[in-house]
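Asker: Take these sequences, add in the hints, and give me the full structure.
Protein chains: 2
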Amino acid sequence: MSLKFILLGLLDQPRSGYDIKQIFEGTLKNFWNAELSQIYPLLSKLEREGYLESDLVDSSHGPRRRIYHRLAQAETELFDWLASEPDMPVARIGYLAQMFFMEKVSPKQRCGFLHRLRERFEQQHRFLSGLTAQYPLEDFEQNTPSQDDPQASSERYLARVLTMHHGVLRLKALIDWCDLCLCWFDRLPKNS
Amino acid sequence: MSLKFILLGLLDQPRSGYDIKQIFEGTLKNFWNAELSQIYPLLSKLEREGYLESDLVDSSHGPRRRIYHRLAQAETELFDWLASEPDMPVARIGYLAQMFFMEKVSPKQRCGFLHRLRERFEQQHRFLSGLTAQYPLEDFEQNTPSQDDPQASSERYLARVLTMHHGVLRLKALIDWCDLCLCWFDRLPKNS
DNA sequence: GCTCATTATATCAATAGTTATATAGTCATG
DNA sequence: CATGACTATATAACTATTGATATAATGAGC
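Going down the list, the protein sequences come from chains A and B. Per this note's numbering, the first sequence runs over residues 1 to 192. Per this note's numbering, the second sequence runs over residues 1001 to 1192.
Hints listed in this document are in silico derivations from the structure and should not be mistaken for laboratory results. Beta carbons are placed, not taken as given, at the ideal position from N, Cα and C, and that holds for glycine. Check before you lean on any hint, since a few could be wrong.
What the hints assert, rightly or not - Covered stretches of chain A, as calculated for chain B (at least 3 residues, CB under 8 Å): (1) 52 to 65; (2) 107 to 121; (3) 178 to 187.
Answerer: Encoded structure:
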């Protein structure tokens, strides 16, 4: 259900489905993803339901673009969604499912698995740390955030920068967890 | 795809679909969930495909139970799954999507949202901390884990106890993140 | 004897998400 | 002028998950 509200939220300015996909590939991929094959049908459904309107606009770089903008009903439901309870995800963590059965395999294979997992977390952590470094929290204390900074278009919003910090803290904890696992698997008596 | 392997993995001893659902409600809900309406059809599909066999067994407390046990093919594919790359979940975190648009609402509403979120994390953290306290990591250093402890049936496995620690560390980081958000929203100039 | 909780299996409809494929215009490279 | 990369929209087929409902046996409390 969240995808509907993410699309409505992103249409604070007119955008096409393709534009929205670019945003998913960037800032949003930290907490959501959607394919074009999910975005296009949902946009046209939301138009049929009276949340959006669209215009066809010629493009200088390809076929005509369908640009959506949101209507009053979209605003109303967006506010309702933001006022509702925090949407807690149903945990579905594939690598933990594998971990749950790891006792079945050799100590060597177990450690290989955890090292590969740790490396993935490290990569993501490095990427997000670099990104947050571009938007120091201290900048939000001043009354006038630096309008002249071209990068600060939508990342000017404190709430959005804080979603990046979520990833940084979460990934740091997961790297520590990998180290904890490797440490205790190492202490395990050899015969198991 | 993971659900298939979770079912095959849990059938290291004969169980019914109902039994498996009980396990999801317990230890597994930390990293996966499945409804009976997903478990029953998948079990019968896995039987048709030659991974499982089942027997109908009379119950003293209700209708006949269909007890599944796994076959050789299941073992093979389980090992392949454990030897494959860590299954990284596609991030889909509803409350972060809400957070991303939180700049739209009042400071008071924002803080209310974060306090409710923090309370949920606290609850889960308390639950998992209590659970892990029952299975101290130090017990796994001894060569003979305490067989006489009736609780230590399947939680005797170090890998399974470590999946619980994953939740503890993750939730601790998320509580810290809520505090960070509350702290910085508070420092924000009043006019925004 | 009735109701309710628990045990137990099964199916259906609907929603959500993934993968593959078709179509088409523009632009750069060789 | 053919090929590939990028922009752009759209749909079909499939898999995964959720929510609702039907059925039925047992035991406890009233």
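Asker: Against this structure, judge whether each hint is valid.
Answerer: Cross-check of the supplied hints:
no. : hint       : in the structure
1   : 52 to 65   : violated (count 0)
2   : 107 to 121 : holds (count 6)
3   : 178 to 187 : holds (count 5)
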